[in-house]
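What follows is the residue order along each chain.
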Amino acid sequence: MNWLLSKVEELSGENLYACYQCGKCSAGCPMVNEMDLLPNQVILLVIRGDESVVDTKTPWVCAQCYQCGVRCPKNVDITKIMEALRLIKLRQNIDHIKLEKVKKNLPQIALVSATRKYTG
Amino acid sequence: MKMVRIYIMGKEYRVPEGLTIMKAMEYAGYRYIRGSGCRAGFCGACATVYRKEGEYKLHADLACQTTVEDGMYLVQLPFTPANKAIYDLEKIRVDDKTLVNFYPEIARCVSCNTCTKACPQELDVMDYIQASLRGDVAKAAELSFDCIQCGLCAMRCPAEIAHYHVAQLARRLYGKYIAPRAKHLEKRVKEIEEGKFDKDMKKMMKMSIEELRKLYNARDIEPEEEV
Amino acid sequence: MQPVNILGDKMEIAYYPGCTLKTNAKEFEETAIKVFEKLGVRLKEINKWYCCGTVYSLATDNLMYRLAAIRNLIRAKEEGYDKLVTLCSICYNTLKQTNLMAKEDEDAMYKINSFMDEEPDYDGSVEVLHPLQILNEMMDEVKAKVKKPLDKKYAAYYGCLLLRPKEVAIDEYENPSVMERLIEALGGSAVDFPLKNECCGSYNVACNKEAVIDANYRIITNARKNGAEAIVTSCPLCHFNLKEIQKEVKKAYPDFVGLPVYYFTEIMAMAFGVKK
Ligand code: SF4
Ligand code: SF4
Ligand code: SF4
Ligand code: SF4
Ligand code: FES
Numbered sequence: 001m002n003w004l005l006s007k008v009e010e011l012s013g014e015n016l017y018a019c020y021q022c023g024k025c026s027a028g029c030p031m032v033n034e035m036d037l038l039p040n041q042v043i044l045l046v047i048r049g050d051e052s053v054v055d056t057k058t059p060w061v062c063a064q065c066y067q068c069g070v071r072c073p074k075n076v077d078i079t080k081i082m083e084a085l086r087l088i089k090l091r092q093n094i095d096h097i098k099l100e101k102v103k104k105n106l107p108q109i110a111l112v113s114a115t116r117k118y119t120g
Numbered sequence: 001m002k003m004v005r006i007y008i009m010g011k012e013y014r015v016p017e018g019l020t021i022m023k024a025m026e027y028a029g030y031r032y033i034r035g036s037g038c039r040a041g042f043c044g045a046c047a048t049v050y051r052k053e054g055e056y057k058l059h060a061d062l063a064c065q066t067t068v069e070d071g072m073y074l075v076q077l078p079f080t081p082a083n084k085a086i087y088d089l090e091k092i093r094v095d096d097k098t099l100v101n102f103y104p105e106i107a108r109c110v111s112c113n114t115c116t117k118a119c120p121q122e123l124d125v126m127d128y129i130q131a132s133l134r135g136d137v138a139k140a141a142e143l144s145f146d147c148i149q150c151g152l153c154a155m156r157c158p159a160e161i162a163h164y165h166v167a168q169l170a171r172r173l174y175g176k177y178i179a180p181r182a183k184h185l186e187k188r189v190k191e192i193e194e195g196k197f198d199k200d201m202k203k204m205m206k207m208s209i210e211e212l213r214k215l216y217n218a219r220d221i222e223p224e225e226e227v
Numbered sequence: 001m002q003p004v005n006i007l008g009d010k011m012e013i014a015y016y017p018g019c020t021l022k023t024n025a026k027e028f029e030e031t032a033i034k035v036f037e038k039l040g041v042r043l044k045e046i047n048k049w050y051c052c053g054t055v056y057s058l059a060t061d062n063l064m065y066r067l068a069a070i071r072n073l074i075r076a077k078e079e080g081y082d083k084l085v086t087l088c089s090i091c092y093n094t095l096k097q098t099n100l101m102a103k104e105d106e107d108a109m110y111k112i113n114s115f116m117d118e119e120p121d122y123d124g125s126v127e128v129l130h131p132l133q134i135l136n137e138m139m140d141e142v143k144a145k146v147k148k149p150l151d152k153k154y155a156a157y158y159g160c161l162l163l164r165p166k167e168v169a170i171d172e173y174e175n176p177s178v179m180e181r182l183i184e185a186l187g188g189s190a191v192d193f194p195l196k197n198e199c200c201g202s203y204n205v206a207c208n209k210e211a212v213i214d215a216n217y218r219i220i221t222n223a224r225k226n227g228a229e230a231i232v233t234s235c236p237l238c239h240f241n242l243k244e245i246q247k248e249v250k251k252a253y254p255d256f257v258g259l260p261v262y263y264f265t266e267i268m269a270m271a272f273g274v275k276k
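Residue numbers (the working numbering), protein chains in the order written: chain C, 1 to 120; chain S, 1 to 227; chain G, 1 to 276.
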């Protein structure tokens with residue numbers, strides 16, 4: 001197993017090989033227009049060990065809405081896989097945003113969420 | 001004289017029982033050029049961390065206030081790097097976003113409570129950060145009132161928050177915009193400006209140290225006025 | 001009055017506000033407390049609470065982000081409650097998922113309890129509820145309290161976190177109806193629309209606003225095309241993303257026509273004739 005796949009499986013607790021590439025996750029994803037890689041393609045690339053996946057926009061625009069996960073016929077929770085991909089970066093101490101630059105006066109709920117998903 | 005073993009940055013020393021960490025370090029031959037100020041628990045300059053033998057706890061305290069114990073491993077943490085936001089108190093407004101706008105990192109607090117455990121002043125540090133996050137400036141000011149800015153909380157925080165700067169801004173905002181104005185203070189400032197004390201001041205400036213000391217010792221201590 | 005099963009025999013429940021209910025969403029809290037009082041249910045704010053951390057951490061090994069939620073549950077328990085209610089959908093989701101973990105994951109709880117050595121151990125015994133689950137059982141009482149029946153067409157917007165993951169869903173996760181029933185009970189007419197459980201873009205608003213602008217356009221336009229004259233929600237972040245940025249949506253999409261956005265407790269207050 002390549003390191004990327006084993007890392008993603010370890011962080012997410014999901015079995016990526018269960019996916020049969022039906023595309024239902026991507027069909028229902030509300031953020032898909034903003035993504036450069038479809039959620040089902042993310043799975044494929046991780047299985048192939050293609051590390052470029054951690055540098056795509058997709059995991060960062062994922063809004064953790066759980067839609068893909070509840071709809072997947074194979075019970076693959078992509079929500080968790082997206083989190084794993086974010087964490088691979090964040091845990092190398094590479095933040096996705098600079099908190100000082102974030103727009104002021106956001107509601108607390110938005111700011112706290114952003115710190116949780118975009119800073120390590 | 002009973003002696004105890006302590007370890008300063010890993011090196012063993014024997015020092016008399018009953019000394020403060022600060023005195024013990026001096027006894028051991030260290031000289032404070034920085035990291036010491038009031039020697040009375042007020043200035044916050046002498047932050048120290050230590051462990052005791054057979055305990056996983058990392059203690060944080062003031063060197064001038066803590067007595068050495070046998071088997072203490074310690075180091076001074078005289079300074080915590082932290083950015084202070086730049087603001088003009090006259091121009092900023094106080095609302096439920098002021099603190100979080102200047103210090104957005106408080107949104108990273110995970111409520112681990114490490115800061116509270118580290119605080120030598122026994123403040124509810126986590127609680128004042130949480131109050132700050134939800135924009136409760138008055139509560140943050142009240143809970144942090146006794147903060148001496150030693151920096152120990154900030155050194156321990158996994159969210160990389162500089163608590164004491166947040167708290168200081170909260171207290172400044174509280175003092176300027178929220179707390180009721182102290183009437184006696186306003187009155188006194190006016191009197192000073194009107195020159196009511198100029199004559200006495202001039203007189204005192206000519207006095208000898210001895211005379212001044214006498215005057216000081218004989219001063220009236222005013223009872224606190226109700227605000 | 002009939003006992004409300006979900007509340008047991010008590011008519012008082014511990015209430016966890018969350019940061020945004022004290023800031024941007026004050027009107028949500030104020031109206032909620034008032035309308036529940038009208039219904040005979042007291043939401044009692046717990047004395048001490050901490051930011052729940054919003055979005056639940058999904059990494060198998062991140063227990064740090066669950067500490068705050070556990071502490072809140074401990075506070076409620078300490079104050080003698082076995083049930084805790086929270087208005088914000090995200091707080092609800094985080095507290096609920098964390099409590100499930102507390103009930104099911106012994107290993108994780110061993111670590112958390114050992115780490116929080118200053119706290120009593122927690123075992124998952126405080127049930128986390130959303131007010132809509134309580135209202136679900138009180139529709140007749142709601143009807144009885146209506147003084148000024150609503151006269152608009154409202155689209156109930158659920159978003160994600162009241163419904164997903166399935167384990168924490170307050171209703172049918174693909175086709176919820178509790179808010180629609182509430183709207184009807186208040187005299188309004190409920191409009192069904194396909195995007196009622198689609199995400200508003202959430203925290204993307206902090207650094208990728210275009211995503212939220214697009215989501216806003218899609219959701220509001222979809223509701224409007226189905227006849228809605230206003231949107232009803234239960235999440236302060238949905239509320240912000242749907243309401244506060246409508247001007248920017250209009251700039252990006254000139255054909256966009258906005259809609260007013262309310263918390264479900266606000267329309268209850270209107271119908272009950274409760275002053276803000
Ligand atoms: S819905 Fe499930 S099985 Fe289908 S492509 Fe997505 S992850 Fe794979
Ligand atoms: S959780 Fe992320 S990837 Fe899945 S549907 Fe929602 S936005 Fe898309
Ligand atoms: S709050 Fe922090 S800086 Fe202030 S006294 Fe306590 S530990 Fe020191
Ligand atoms: S140490 Fe930092 S993260 Fe932990 S409770 Fe204190 S402020 Fe929050
Ligand atoms: S030297 Fe001032 S507090 Fe210790």
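Treat the hints as calculated values from the structure; they're not laboratory data.
Treat each hint with caution, since some may be false.
[As the list claims (entries may be wrong)] Estimated spans, in silico, between C-beta atoms of each pair:
#1 L185/S x D140/G: 45 to 51 angstroms
#2 G54/S x E119/G: 21 to 27 angstroms
#3 N62/G x P180/S: 41 to 47 angstroms
#4 W3/C x R51/S: 34 to 40 angstroms
[Said to hold, decoys possible] So the derived list for chain G, only partly shown, Cβ under 10 angstroms to chain S, looks like this:
#5 C19
#6 T20
#7 T23
#8 L39
#9 R66
#10 M116
#11 E118
#12 P120
#13 C207
[As the list claims (entries may be wrong)] When the alpha-carbon atoms are kept at most 25 angstroms apart in a straight line, the in silico PhoX-like pairs for lysine-lysine are as follows:
#14 K203/S x K104/C
#15 K98/C x K187/S
#16 K104/C x K152/G
#17 K243/G x K97/S
#18 K48/G x K139/S
#19 K104/C x K187/S
#20 K247/G x K101/C
#21 K203/S x K187/S
#22 K77/G x K103/C
#23 K101/C x K117/S
#24 K77/G x K101/C
#25 K152/G x K103/C
#26 K7/C x K111/G
#27 K139/S x K111/G
#28 K176/S x K34/G
#29 K77/G x K139/S
#30 K103/C x K111/G
#31 K22/G x K97/S
#32 K24/C x K166/G
#33 K209/G x K34/G
#34 K26/G x K103/C
#35 K117/S x K111/G
#36 K98/C x K97/S
#37 K103/C x K84/S
Even glycine gets a Cβ: it sits at the ideal position worked out from N, Cα and C.
Verification of the hints:
1. Distance hint check for L185/S and D140/G: the Cβ-Cβ separation is about 60 angstroms, which falls outside the suggested range of 45 to 51 angstroms.
2. G54/S and E119/G have their C-beta atoms about 24 angstroms apart, which keeps the hinted 21 to 27 angstroms range intact.
3. N62/G and P180/S have their C-beta atoms about 45 angstroms apart, which keeps the hinted 41 to 47 angstroms range intact.
4. The given range of 34 to 40 angstroms is respected by W3/C and R51/S, whose C-beta atoms sit roughly 36 angstroms from each other.
5. The interface hint given for C19/G is met, as the beta carbon of that residue sits about 4 angstroms from the closest beta carbon of chain S, less than 10 angstroms.
6. A hinted interface residue such as T20/G counts as satisfied when its beta carbon comes closer than 10 angstroms to some beta carbon of chain S; here the least separation is about 8 angstroms, so the hint holds.
7. This hint holds: T23/G has a C-beta 4 angstroms from the nearest C-beta of chain S, less than the 10 angstroms allowed.
8. Violation of the interface hint for L39/G is found here, the shortest Cβ-Cβ separation to chain S being roughly 27 angstroms, above the 10 angstroms cut-off.
9. With 10 angstroms as the threshold, the beta carbon of R66/G comes within range of chain S, its nearest partner Cβ sitting at about 9 angstroms, so the hint holds.
10. A distance limit of 10 angstroms between C-beta atoms decides the matter here; for M116/G the minimum to chain S is near 7 angstroms, and the interface restraint holds.
11. The interface hint given for E118/G holds, since its Cβ lies 7 angstroms from the closest Cβ of chain S, which is under the 10 angstroms cut-off.
12. Among the interface hints, the one on P120/G is violated; its C-beta lies about 14 angstroms from the nearest C-beta in chain S, farther than the 10 angstroms criterion.
13. The beta carbon of C207/G is not positioned within 10 angstroms of any beta carbon in chain S (closest approach about 12 angstroms), and the interface hint is therefore violated.
14. For the hint linking K203/S to K104/C, the alpha-carbon distance of about 54 angstroms lies beyond 25 angstroms, and the restraint is violated.
15. For the given pair, K98/C sits about 47 angstroms from K187/S by alpha-carbon distance, which is inconsistent with the 25 angstroms threshold.
16. Annotation: proposed proximity of K104/C to K152/G is violated, straight-line Cα distance about 35 angstroms (limit 25 angstroms).
17. Pair hint K243/G plus K97/S holds up; C-alpha atoms about 19 angstroms apart against a cutoff of 25 angstroms.
18. The suggested pairing of K48/G with K139/S holds, with an alpha-carbon distance near 12 angstroms, which does not exceed 25 angstroms.
19. A hinted pair counts as satisfied when its Cα atoms are at most 25 angstroms apart, and K104/C with K187/S does not qualify at roughly 39 angstroms.
20. For the hint pairing K247/G with K101/C, the CA-to-CA distance comes to about 22 angstroms; that is within 25 angstroms, so the pair holds.
21. Under the criterion of a C-alpha separation no larger than 25 angstroms, the hint pairing K203/S with K187/S is consistent with the structure, at around 23 angstroms.
22. Note on K77/G and K103/C: the hinted pairing is violated, with a Cα-Cα distance of about 37 angstroms set against a maximum of 25 angstroms.
23. Distance hint between K101/C and K117/S is unfulfilled; the C-alpha atoms sit about 31 angstroms from each other, more than 25 angstroms.
24. A threshold of 25 angstroms between alpha carbons decides the hint, and for K77/G with K101/C the separation of about 39 angstroms lies outside it, so the pair is violated.
25. Taking the CA atoms of K152/G and K103/C, the gap is near 35 angstroms; set against the 25 angstroms cutoff, the hint is violated.
26. Taken as a hint, the K7/C and K111/G pair is honoured in the structure, with Cα atoms around 22 angstroms apart against an allowance of 25 angstroms.
27. Our distance criterion of 25 angstroms between C-alpha atoms is broken by K139/S and K111/G, whose separation comes to about 32 angstroms.
28. Restraint check: the Cα-Cα separation between K176/S and K34/G comes to about 34 angstroms, which exceeds 25 angstroms; the hinted pair is violated.
29. A hinted pair counts as satisfied when its Cα atoms are at most 25 angstroms apart, and K77/G with K139/S qualifies at roughly 24 angstroms.
30. Among the hinted pairs, K103/C with K111/G is inconsistent with the structure: their alpha-carbon atoms are about 37 angstroms apart, more than 25 angstroms.
31. For the given pair, K22/G sits about 11 angstroms from K97/S by alpha-carbon distance, which is consistent with the 25 angstroms threshold.
32. With a C-alpha separation of about 17 angstroms, the suggested pairing of K24/C with K166/G holds against the 25 angstroms cut-off.
33. Under the criterion of a C-alpha separation no larger than 25 angstroms, the hint pairing K209/G with K34/G is inconsistent with the structure, at around 34 angstroms.
34. With a C-alpha separation of about 21 angstroms, the suggested pair K26/G and K103/C falls inside the 25 angstroms cut-off, and the hint holds.
35. A hinted pair counts as satisfied when its Cα atoms are at most 25 angstroms apart, and K117/S with K111/G qualifies at roughly 18 angstroms.
36. Between K98/C and K97/S, the direct Cα distance comes to roughly 18 angstroms. Compliance with the 25 angstroms bound is thereby established for this hinted pair.
37. Restraint check for K103/C and K84/S: satisfied, since their Cα atoms lie roughly 19 angstroms apart, inside the 25 angstroms limit.
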